[in-house]
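Produce the complete structure using the sequences and hints provided.
Number of protein chains: 2
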Amino acid sequence: MRFGILGTGVVGRTLAARLAGLEHEVMVGTRDPAETLSLNESDRYGNPPFSSWQEEHPEVKLGTFAEAAAYGEIVVNATAGAVSLGALELAGEENLGGKVLMDISNPLDFSKGMPPTLSVSNTDSLGEQIQRRFPQAKVVKTLHTMNAYLMVDPAQLASADHTVFVGGDDAEAKATVTDLLRSFGWADIVDLGDITTARGTEMLLPVWLRLFGALQKPLFNFKIVR
Amino acid sequence: MRFGILGTGVVGRTLAARLAGLEHEVMVGTRDPAETLSLNESDRYGNPPFSSWQEEHPEVKLGTFAEAAAYGEIVVNATAGAVSLGALELAGEENLGGKVLMDISNPLDFSKGMPPTLSVSNTDSLGEQIQRRFPQAKVVKTLHTMNAYLMVDPAQLASADHTVFVGGDDAEAKATVTDLLRSFGWADIVDLGDITTARGTEMLLPVWLRLFGALQKPLFNFKIVR
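Order-wise, the sequence lines are chains R and X. If you read the first sequence in my numbering, its first letter stands for residue 2, the second for the next number, and so on. If you read the second sequence in my numbering, its first letter stands for residue 2, the second for the next number, and so on.
Honestly, the hints are just simulated from the structure, not real lab data. A few of these clues could be false.
Chain copies aren't distinguished; within one or between two, either way the pair holds.
Quick list of in silico lysine to any residue cross-link-like pairs, SDA-like style, CA-CA up to 25 Å [claimed, not checked]:
1. Lys218 <-> Gly194
2. Lys218 <-> Asp195
3. Lys113 <-> Gly194
4. Lys62 <-> Arg3
5. Lys218 <-> Gly47
6. Lys218 <-> Ile190
Printed below as a string of structure tokens:
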């Protein structure tokens, strides 16, 4: 299947590499591909520039947000939450309509210091904002509640005995995403309901961040014991 | 040890019964004991009136909020979040100062329909509001992230293989609460840090409520797999 992944950061890269490894065709989208390729230093977290990463993943294409969205049969929003709506505008309504749009981002607001807060919460969510703005897209909120490496390979932790959530208004889109999650190794997939359930799952981020501080490692996850 | 439990609802009763069963001395506090005892019908959820419950737990005393707080060496806020600060005012600063104050409530706002939202979240929490208002109390936020029956008997589910959080500014108070949690059967107790971590744990409620809807049962809990 063809995937368009919006976002060239660690999350987008990790997902792109995993999908390519599963024999999918992948194009990563960015605002300005020439600028993205011109970067030649690691970022402040030590992540290498995109060009270095792409040398190791030549099968992954790079394009604009619009090119990647047009390319994908499934589109993934892996941009930072603060810029997601803008990136999706550039991706273009016409390139999103009728498609599954996996939203794996979080509305984190770093402007007020650490830990970040949420720019939207409680009575609304980024997932809903995206669905409202692009009513023809089939938004499925998923994978935003754990570290990127666990997203694509949950068996790295406790033989995948932990939970991923899906939420969205379109049952068929959720079924498609569920199949994809299973191909990553996910065994415990909880369908919470419609896209408004993104409020609850996005609100997991603050405690995730505190757990990251308390446990001093990123490879942990929520399991819903029942 | 002597406990003063503020709140005569299911949470307060469940905790009172468990503590009494562990040979602690317990007084439950309410706004108006005479009125509480005069109720003679089950509530809308089918919970029997307090007087019926107390007949089965004659060892549990009933008093005003102030009497219960004065009685307790440890005070527990088990009132509904929307009325917690008011109940604690009635309990009295002088009866809370220097004591461990376990806050097990959630700032749920039912005024806008179901599911309830949070009356405070993201940049503040009920736990912090209580700590700010009663700076001499040693507030420990805990037990507010699961059903009342699991709070006091986690082994009812998966041999207690799931998680309870503690957060608070006073290390000694957290150690006291941790010992108490162990006596209930809790094995996985995660200290997240100071009282501001209540933001994250209180924000677990929205997804808890959605899980309650999706799983159709209240006996489930978060486990932090790591």
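Comparing the hints with the structure gives:
With identical chains, the CA atoms of Lys218 and Gly194 are at most 25 Å apart between copies only, with a shortest distance of 15 Å across copies and 30 Å within one. With identical chains, the CA atoms of Lys218 and Asp195 are at most 25 Å apart between copies only, with a shortest distance of 19 Å across copies and 32 Å within one. Taking CA atoms no more than 25 Å apart as the test, Lys113 paired with Gly194 passes between copies only; the shortest distance there is 20 Å, against 32 Å inside one copy. Taking the closest pair of Cα atoms, Lys62 and Arg3 come within 25 Å of each other only inside a single copy of the chain (11 Å); across copies the shortest separation is 67 Å, beyond that limit.
Taking identical chains as interchangeable, the C-alpha atoms of Lys218 and Gly47 lie at most 25 Å apart only when both belong to the same chain, with a minimum of 16 Å there against 45 Å between chains. For the identical chains of this complex, Lys218 and Ile190 are neighbours both inside a copy (23 Å) and across copies (17 Å), given an alpha-carbon limit of 25 Å.
Every hint from the earlier list agrees with this structure, and none is contradicted.
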